[in-house]
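Residue numbers (the numbering used here), protein chains in the order written: chain W, 54 to 187; chain V, -3 to 139.
Possibly wrong hints are sitting among the right ones.
Mimicking DSS-like on lysine-lysine, the simulated pairs with C-alpha atoms at most 27 Å apart in a straight line are [to be verified]:
hint, chain 1, residue 1, chain 2, residue 2
1, W, 143, W, 180
2, W, 143, V, 44
3, W, 143, W, 129
4, V, 138, W, 129
5, V, 44, W, 180
6, W, 180, V, 51
7, V, 44, V, 138
8, W, 180, V, 135
9, W, 156, V, 118
10, V, 135, V, 44
11, V, 118, W, 187
12, V, 51, W, 128
13, W, 187, W, 128
14, V, 138, W, 143
15, W, 143, V, 135
16, W, 128, V, 138
17, W, 128, V, 44
18, W, 156, V, 138
19, W, 129, W, 187
20, W, 128, W, 180
21, W, 129, W, 180
22, V, 118, W, 180
23, W, 129, V, 44
24, W, 156, W, 180
25, W, 143, W, 128
26, W, 156, W, 128
27, W, 156, W, 143
28, V, 138, W, 187
29, W, 129, W, 156
30, W, 187, W, 156
31, V, 135, V, 51
32, V, 135, W, 156
What follows is a list of derived Cβ distance ranges for each label pair [said to hold, decoys possible]:
hint, chain 1, residue 1, chain 2, residue 2, range
33, W, 76, V, 26, 17 to 25 Å
34, W, 89, V, 91, 49 to 57 Å
35, V, 129, W, 85, 45 to 53 Å
36, W, 121, V, 129, 17 to 25 Å
37, V, 19, W, 159, 30 to 38 Å
Please keep in mind that the hints were generated in silico from the structure rather than gathered at the bench.
Backbone N, C-alpha and C define an ideal beta-carbon position, used for all residues, glycine too.
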Amino acid sequence: MSKRRISTESLAIPMSSMIDVTFLLLIYFIITQREEIPEAHLAVNLPSPNQAPQKTDEKPNLLEIEVHPGQVYLKKMPQTMDQLQDMLTKMAAYDAEQTVIVKTSVQAQTQELVRVLDLCKGLGLTKLNVMTLK
Amino acid sequence: MRARDDAPLETPVTSMIDIVFQLIIFFVVTAAIDKDVIDESIRLAQAKYVTAEEKTDPRAVLVNVGEDGGVNIALQPLNLLQLQQILTATRTQSGNSVPIVIRADGTAIYRYVDGVMQAVGKSGMYRVKLSAVATGGGKSAKR
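Could you put the whole structure together from the sequences, leaning on the hints where they help?
Put into structure tokens, the structure is as follows:
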């Protein structure tokens, strides 16, 4: 009479290796997780090559701001950022549709230009043009 | 006589595995694989009044400008001529309305940004955006 061999192996699923892999994955994702920095994009106008300049007899309402290293000028008058904010608030209240030309010195830092553009946007002035002072 | 405790001495791993899997699923879902390659060395200027972009145009070309004027796209260093060629190729492929986002270091002088803007202009593109870190959450600048 033949005797059937009974398997003595455990029927439990081997969890140890799966837990190892799972933890490795978890650690990988935790390490590679990067903090999201909220980025804003300030639109700047450049002349479109397809768009012909509009010819009008009417003189456009222009607001000229000059950005020099460490100094900002509004209509050729030096201003602190607070003064500029006050002046622009009044001007934006009068006409928010006016075109703003920000002339920037090549030596000025980018953050100085961004500060002015940000202020203009914050006041509702959206027609922003950037020119370069050579 | 003391009653013997017949409960097994194994650590209950089932609930722990549940939590670990939940965490993994969270990280897999939130990890954006197709995210643009961001130059981490660039410290953007801060903007107090504008709001952060909820969605960026997927066609947008991100041009990084370092503090020393080094220009790169997806960490690939370029000179201005190469940049212009890439932008011209982009224009031919996708049209001239593709936004060009300039991620310039806040302390970089404007000359470098101007060089990039000129390359953009020469390539026939016109939608230029300057990137900044939105710190104020879109509050008004009005006084």
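Numbers of the earlier hints that this structure fails to satisfy, in rising order:
12, 28, 34, 35, 37
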